[in-house]
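A.B. asks: What follows is the residue order along each chain.
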Amino acid sequence: MLEPGVFDDLTDAESKALAQCRHAVLGTERPMRLDCGVELGPFRIAYQTYGTLNADKSNAVLICHALTGDQFVGDSNPVTGKDGWWDSIVGAGKILDPARYFIICTNVLGGCLGSTGPLAHDPANKQSWNLRFPVVTIADMVRAQAALLDHLQIPDLFCVIGGSMGGMQVLEWAASFPKRVFAAVPIATAARHSAQNIAFHEVGRQAIMADPEWKGGDYRLHDTAPERGLAVARMTAHITYLSEQALQRKFGRALQNRDALGFGFDADFQVESYLRHQGSTFVDRFDANSYLYITRAMDYFDLAAAHDGVLAKAFKGSATRFCLMSFTSDWLFPTRESRAVVHALNAAAANVSFVEVESDKGHDAFLLDEPEMFRTLSGFLQGAATARGLRSPR
Amino acid sequence: MSQPTRTPIRVDLQLIADMVQPGGRALDVGCGDGSLLAYLVNFKQVDARGMELSQAGVNACVANGLSVVQGNADTDLRDYPDSAFDYVILSQTLQATRAPREVLGQMLRVGKRAIVSFPNFAHWQVRLRLVFGGRMPNTPSLPHRWYDTPNIHLCSIDDFRALCREMGVKVERAVVLNRNSKPIHLPPLLSNLIGEQAVFMLRRD
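If you're matching them up, the sequences are chains A and B in order.
Residue numbers for the first sequence follow my numbering, beginning at 3 and rising by one.
Residue numbers for the second sequence follow my numbering, beginning at 19 and rising by one.
The following block holds chain B by itself, in its conformation from the complex (with noise of 0.2 Å):
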């Protein structure tokens, strides 16, 4: 088979797929069109397998060779061994899950680490909006209305650092992306304010 083409990948699957060492094990949870699983297979040698709650984002992975179950992040890690994967990923989804704490808390039982994104609440648009416009924010990361939104559990960076405090739960590496997607490296009060997005790599303590 011809070498498989790069095609670039979202900026924070790309963030996420640069914390993976090549070769190892990998469950990514809520994986979508299974873009982020197809660059780990190509391209660091991963066996990475998904979980995906749409029935037709699952069929579309397998179709395309990939190693995907219908599943949710809430409900079916559960099945899952202690350890079983080096990683398991959840990119944009934690704040969609019913029990943010318990799903981080499988996480960090089936894999060996655990890589979480998601979008910042303290983001100075969505302050701005809430505060000034008295409306619930609505900004490129969090496109939805209020009836309509999957985000259930929305937090901020300092929140999702209090709540690793308090699980035991050591943050290994935390990367906080701007509006345009670009890391930034400040303070943490500035982070939380100039961050739209932020990928965290856990392990257990």
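Bound conformation, chain A alone (with noise of 0.2 Å):
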């Protein structure tokens, strides 16, 4: 199945995900141009599929996950064993169903996953990138996936989808290939991040290189990972994508396992308990490295700034039709950056809507059960099934 040569070495992780998935081998003719200027080629994206084009080939959804999601969107996770991370919204008889729509979810560039990341072999030396991989932005990783189009034989997209990270790709996609996207949903999230979010995520990143398992990147050579700084890193991003309120209803002061305060450090407090869970749980599942990555690739994206600064210009003459929306508790992405971008698309007479939900879920709202968020993506997709001359199914 696996191109001997070009992918070998892969991590448990990695070979459990390609044998529940497909994966395609891209930029072998010629290497894929990075922003950053390394010309990337051979390398591998992983993707899982749902459903069936249709003949005309107008029915292809892709959606993109977010900085630690995968291609796993409506099946379960082969790694982790549990439910498609987007199980709400895809499957059968839900918004994105299956038996209507031909849906396509990618593991991004530089992940962790399946696709050519930090830890996949340079074919110049046959040793593993680590560090020397290139960094990658939010457009490489959209590229990649027109890339994938092309090789499947897909001219556009009904829609492309997603929340947070993935709402950048989305605003990517509908800014490089106005073309090839009928309708754009990006979901909680913003055309650039702001200092708030680069400074999170350097912590993380410091968090990972402070660890003396990193070793420079070289961990896997050394037959270790560095465990304490990837969860840290993890501990850190949760607390953002809940909000104030969803943690103090959730946790309060309760304690754990214990009726009185210990007088020491170990987890007193339930919130200290269930961080130090996410934080354990996650590096059973993500490369450090690739987490290095993607943050990297999140902070570097502004969308104006490709645009002269005027964000506007990314959206001119775009005749893709928009839904954005936002959560009224999400602090990561707040309302304001959804609404930056609806005034952009307003300046440039795109057709848009915006919706902010009332959710005190925080950022993480949009993963999680919400009606409202349910009634519009269903009434969205439908208006732009129509305009698309899109069959229902059945």
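Everything labelled a hint here was simulated from the structure, so no lab data went into it.
Predicted, not measured: the structure shown is a model, and the values here were computed from it.
All clues given are correct.
Partial pick of chain B residues on the chain A-facing surface, computed with a CB cut under 7 Å: (1) 73; (2) 82; (3) 99.
Quick list of in silico lysine-lysine cross-link-like pairs, DSS-like style, CA-CA up to 27 Å: (4) 96(A) - 84(A); (5) 130(B) - 315(A); (6) 130(B) - 62(B); (7) 62(B) - 200(B); (8) 84(A) - 18(A); (9) 181(A) - 62(B); (10) 252(A) - 84(A); (11) 318(A) - 62(B); (12) 188(B) - 200(B); (13) 181(A) - 59(A); (14) 130(B) - 318(A); (15) 128(A) - 18(A).
Covered by chain B, per the in silico footprint, the following chain A stretches (three or more residues, Cβ under 8 Å): (16) 347-359; (17) 368-382.
By construction, the Cβ of each residue, glycine as well, lies at the ideal position given by its N, Cα and C atoms.
If you follow the hints, you should be able to join the two separate chains into one complex; please do so.
C.D. replies: Have a look at this one:
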């Protein structure tokens, strides 16, 4: 199945993932030029699909995952055994129904679940890239996805959808390939990463790099891993995904398995125990170097910068139908960030809908059971499908 | 998908819809529950978008497949480029804006035409209530009381015509409706007395 020589030395997680999804080797004839100037190729994109491409190839939907997401959007993740990360939206009888749409979800370039990233071998010297892997951007991730569509001979997408970093990819798709995007749904996202968000990412990266097991990124050569650093990175990030109200509601000051304070540094509080658990389970499924690269890609994202500093120029003449959503308690990608995109889209006279969903669940709300989000998405997709001439299933 | 069924819409909205040529682009400012938008999309093949102040209204519209953003007529029309739409529509909202003249100016910058409907403050019932009742008017088209009304810039049909003259705006069509929402055809002085509301289609001169 896997091309020998190019992609050996897979991690267990990669092997399990690639056994349960498809992959394509791209950039074989001509390497892909990355934003940093490096020519990358050949490279592999691991992806999962649901449903069937229709005869006129008009029903393809691309789902873009967030920072630590993966291609297993609608079926069980072979590494964690958990349900697909957007199982509430993708599946039979759900909003993105494989009976109606051909759904594609790729592991991003730079990822660690089958697509080429720092874990892969540099074809030039058969050594793991580790920190020698070129820094990739959101635009590079999107270029790799576009190359996959070329490979699959899919001319354009009915819809590109994603939340958080997935939403950044959606915006990049709409700006870079407007003619290939009929409808775009960027959720809980922004057209540029804010100083505060870059700051949180830097804390996470420093935690990884401060772990003595990181070894300059070459931890696999030493048969070790910066698990403590990566866990701390995850713990910090996880706080930013929740709202203050959600944390208070879930944990308050409740104690963990004890009746009184322990006067020590064990996890006295439930919230501590919860975060430690989040950190320790994360290291089982995610690679530390990949975390460095993907957070960097988000930090570098600034869609306006690539268009003379004017965001509206990124969407000039766009015929794409946009639907943006934000959540009231999301302080990582607050509503004002979505609104800035809406203003730019209006300035480009683009077709845009924008809904702010009332929720106290913070940034993570886009992954959770939010009926208002489901209603919005369902109505928007129905309207777009009618405009596209897509028939209802059955 | 099955053909949408034609449910009747408010008379003034129907009048506005009838003024819109099929196939163009329209922006409905203050689109409420989206009934005019849905009509324009389904029956006039218009690329129709909406702007609505209330988030609940926006969410309901989008859930019905309409393209609507949350926004304010006073501040958010500035975002749009010149002549982005064939029509910019403002139904029963002008009197609730902070700066109606600015809003009209923006509408005619963003749209090639503007369609505006508003209640006539010189309607005979309004006059009677104020002159003989000595109280702020409370009529079917002005149902609020003075302390809870969103209407801060009420005008008469003649006032509106005067503003159009002042702004150098061409009135392409003006339809005046009586108490039963039936169009009436009377000289201006009587229209301003009998008309309960009016629909104007304007164009930059």
